[in-house]
Amino acid sequence: MNLRQLSQFVTLAETGNFHRAAERLHMAQPPLSVSIRKLEEELGSALFARTRTGVALTPAGQAMLDDARRTLLHAQQCRQSVLDTREGTGGRLRLGIIGSATYALLPRLIPSLRARYPQITLELSEATSSEILEGLVSRRFDAGLLRFPLLDASGFDLTPLDRDDFVLAVAETSPLAGREAIALHEAAHEPFIMYPRSKVPGLLALAMMRCQFSGFAPQVAQEAAQVQTIMSLVASGLGVGLVAGVARQVVPRGVKCLRLTDNPPGFHVSIALARLAGNTSRVVQRFAEHALECAGVDEKSE
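1 is the number of the first residue of the sequence shown in UniProt numbering; add one for each residue after it.
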């Protein structure tokens with residue numbers, strides 16, 4: 001039994017006539033009759049009863065009809081899935097994301113992606129930038145949205161999707177909270193909530209570098225990997241924190257974010273799309289192109 005025979009069986013069942021079935025199948029009637037007879041012999045049961053005007057399904061044929069239709073539909077879906085994946089318009093995309101990507105970038109990206117490529121199944125997993133890179137190497141992720149720049153980007157293709165700057169998160173009870181902006185060196189005496197090297201070494205390096213640009217090494221009071229945790233510790237009065245500016249969209253009660261007035265030229269903290277170098281997946285490529293469009297970035301400027 002093969003898909004061609006199942007298609008012939010379903011067509012004959014729907015038309016009730018060998019001549020009309022052969023016309024619909026664009027084949028001669030004798031080969032159709034031979035094919036149906038071979039199918040019946042293989043199954044050991046008559047599927048059709050010959051009538052004066054054509055054929056009618058036997059009980060065995062009736063029992064087989066729905067399953068045959070489902071099998072043909074599933075086969076068509078399999079073909080379409082392969083085609084969509086080959087063209088990059090469908091298939092599974094496993095995407096690792098840092099938490100701050102959910103504040104602004106993903107709300108712009110996902111609705112339009114689903115509208116444009118409804119056959120792409122997106123599987124999101126929140127992780128740190130280091131975990132995303134590890135996931136790309138182990139093939140757990142197909143692509144990732146992570147904090148950029150990185151300490152070591154060898155082996156990866158990275159495309160910045162936005163450009164952001166650090167802001168200083170302070171408690172609303174702090175004397176600094178009466179201000180809207182500050183030069184970072186003015187907070188040099190404050191205890192800092194800093195990022196742990198074991199979880200987010202790249203972001204820690206960026207934050208430490210930013211402090212060094214302002215002429216001081218921060219006094220680290222606590223460590224936290226997630227922005228929301230840093231914000232909570234800041235609200236508790238344990239210190240101040242350097243967070244990406246996009247985090248101002250989710251500032252909790254008790255925290256205020258101050259713009260930094262002394263940002264070094266060319267120093268930014270971005271979110272970048274990361275792929276393994278040489279990744280040829282069309283689904284990943286489609287996603288990358290779409291992400292660049294949503295972010296308003298020209299891929300040639302990568």
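Don't take each hint at face value.
What the hints assert, rightly or not - Derived DEER-like restraints, expressed as beta-carbon distance ranges:
1. Cys78 to Thr229: 24 to 30 Å
2. Gln62 to His26: 51 to 57 Å
3. Pro30 to Pro118: 41 to 47 Å
4. Ser154 to Ala75: 40 to 46 Å
To be clear, the hints were calculated from the coordinates, so they are not data collected in a lab.
No residue lacks a Cβ here, since even glycine has one placed at the ideal position from N, Cα and C.
Would you say the C-beta atoms of glutamine 62 and histidine 26 sit inside 51 to 57 Å of each other? violated, 26 Å
Given the hint of 24 to 30 Å, check if cysteine 78 and threonine 229 actually sit that far apart at their C-beta atoms. Cβ of cysteine 78 to Cβ of threonine 229: about 45 Å, so the range 24 to 30 Å is violated.
Using the beta carbons of proline 30 and proline 118, state whether their distance is inside 41 to 47 Å or not. holds, 44 Å
With 40 to 46 Å as the target window, see if serine 154 and alanine 75 comply at their CB atoms. holds, 44 Å
Checked against the numbered hints given earlier, the structure breaks hints 1, 2 and satisfies all the rest.
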